[in-house]
Each structure stands twice: as C-alpha cells, then as structure tokens.
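Take any residue in the sequence shown, note its place counting from 1, add 2, and you have its number in the numbering used here.
Hints listed in this document are in silico derivations from the structure and should not be mistaken for laboratory results.
Note that beta-carbon positions come from the ideal geometry of N, C-alpha and C, so glycine has one too.
One or more of the hints may lead you astray.
[As the list claims (entries may be wrong)] Using C-beta positions, here's what the derived DEER-type ranges look like: (1) 59 with 118: 19 to 29 Å; (2) 110 with 21: 14 to 24 Å; (3) 126 with 66: 40 to 50 Å; (4) 131 with 18: 41 to 51 Å; (5) 39 with 101: 15 to 25 Å; (6) 39 with 113: 16 to 26 Å; (7) 53 with 125: 34 to 44 Å; (8) 125 with 60: 35 to 45 Å; (9) 117 with 60: 26 to 36 Å; (10) 61 with 36: 43 to 53 Å; (11) 62 with 21: 15 to 25 Å; (12) 126 with 67: 37 to 47 Å; (13) 131 with 78: 14 to 24 Å; (14) 97 with 59: 11 to 21 Å.
[Unchecked claim] Distance condition first, Cα-Cα at most 30 Å in a straight line; then the derived DSS-like pairs of lysine-lysine: (15) 85 with 20; (16) 20 with 116; (17) 85 with 116.
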Amino acid sequence: MPVFNAHIPADRFSPQQKQALASGLPAALHEALGIPREDQFVIISEQPAGSLFVDPSYMGMSRSENAVIITVLFTAERPLSDKRAVVRAMCDKAVSALGISADDVFIALVPVPKENFSFGRGDLQLAQS
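Whole structure, please, built from the sequences with the hints as guidance.
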C-alpha cells in the first residue's frame, strides 16, 4: 500500500535508471518489512531545471545537482524501528539505481491510516466495517 513519489531532476537519469528506482523502492519495503513485492505504486516525477530546490548542505550533507526527493505514503501504524529500516533500504536502492550519493537522497515518510487506501473499485479494502 505504500505510494512512492520520486522527484528527480529532468534529463539526468536514463530510462533504465528510472526503472531500477521504480523497482527498487518497493523492493526496499519487501526486504525491510516483508511487504509483498507486487504492492508497487510508484510515480517518477522529472523536475525541469529551476523547479527542484534542495539545499546543498542542510543537516551536514554534501548534495549535488543529482539530489532527489522521495515521499512515501506509508501506514501510520509502523514503529520507529520499521521506519528506520525502510528509510535505510530505500536510500540504498536509490543510490544503487541512480548512481548518486546517499547525501543526495531526501526521504519523507507520510503517515496515513491504513483504512484510507483504496486499491481500486472505489472500496477501502483495509478499513474495518
């Protein structure tokens, strides 16, 4: 049920790299938490020059022009240990897929109650009656 939106700079990464990122993000959740591999909802949004603003050194990082922002709609019920494992795995997958530094990967987990997800047909499949 996680929904990923990866904001990446336009014209920096090949179609193969973008596909590797799109596959790698759900794989990170599978490896870290056992979430099914087919639970894959990923949006890759390419941002043209002048529309992706990331401070190059905030929090002691050394970010480049290849910095990406990844947001994840994620179930709110997860403990901090799960969130730490997921963020580490996602960062590793992004670094591997895009060939960038770990400093270039900003991740925001956006907690959402699981009953707020619809997988289709206008139904809230995980909602309690």
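Look at the Cβ atoms of residue 61 and residue 36 and judge whether their distance stays inside 43 to 53 Å. Violated, since residue 61 and residue 36 (Cβ atoms, about 30 Å apart) do not stay within the stated range.
Sort out whether residue 20 lies within 30 Å of residue 85, counting only the CA atoms. Holds: residue 85 and residue 20 sit about 24 Å apart, inside 30 Å.
Does residue 116 lie within 30 Å of residue 85 when you go C-alpha to C-alpha? The hint holds at about 15 Å.
Per the hint of 40 to 50 Å, is the separation of the Cβ atoms of residue 126 and residue 66 within bounds? The hinted range 40 to 50 Å holds for residue 126 and residue 66, with Cβ atoms some 41 Å apart.
Assessment of proposed distance window 11 to 21 Å (beta carbons of residue 97, residue 59): 19 Å Cβ-Cβ, so the 11 to 21 Å window holds.
Taking 15 to 25 Å as the stated bounds, is the beta-carbon spacing between residue 62 and residue 21 within them? Since the Cβ atoms of residue 62 and residue 21 sit about 32 Å apart, the hinted range of 15 to 25 Å is violated.
For residue 39 and residue 101, compare the CB-CB distance with the range 15 to 25 Å and indicate the outcome. 23 Å, holds
Take a look at whether the Cβ-Cβ distance between residue 131 and residue 18 falls inside 41 to 51 Å. Hint holds: Cβ distance 45 Å, inside 41 to 51 Å.
Falls inside 14 to 24 Å, the C-beta gap from residue 131 to residue 78? 20 Å Cβ-Cβ, so the 14 to 24 Å window holds.
Between residue 53 and residue 125, is the Cβ distance one that fits in 34 to 44 Å? 36 Å, holds
Outcome for the supplied range 26 to 36 Å, where the beta carbon pair is residue 117 and residue 60: 35 Å, holds
Range hint 14 to 24 Å: satisfied by the CB atoms of residue 110 and residue 21? Roughly 23 Å apart at Cβ, these two residues keep to the hinted range, so it holds.
Against the hints set out earlier in the document, violations occur for numbers 1, 10, 11.
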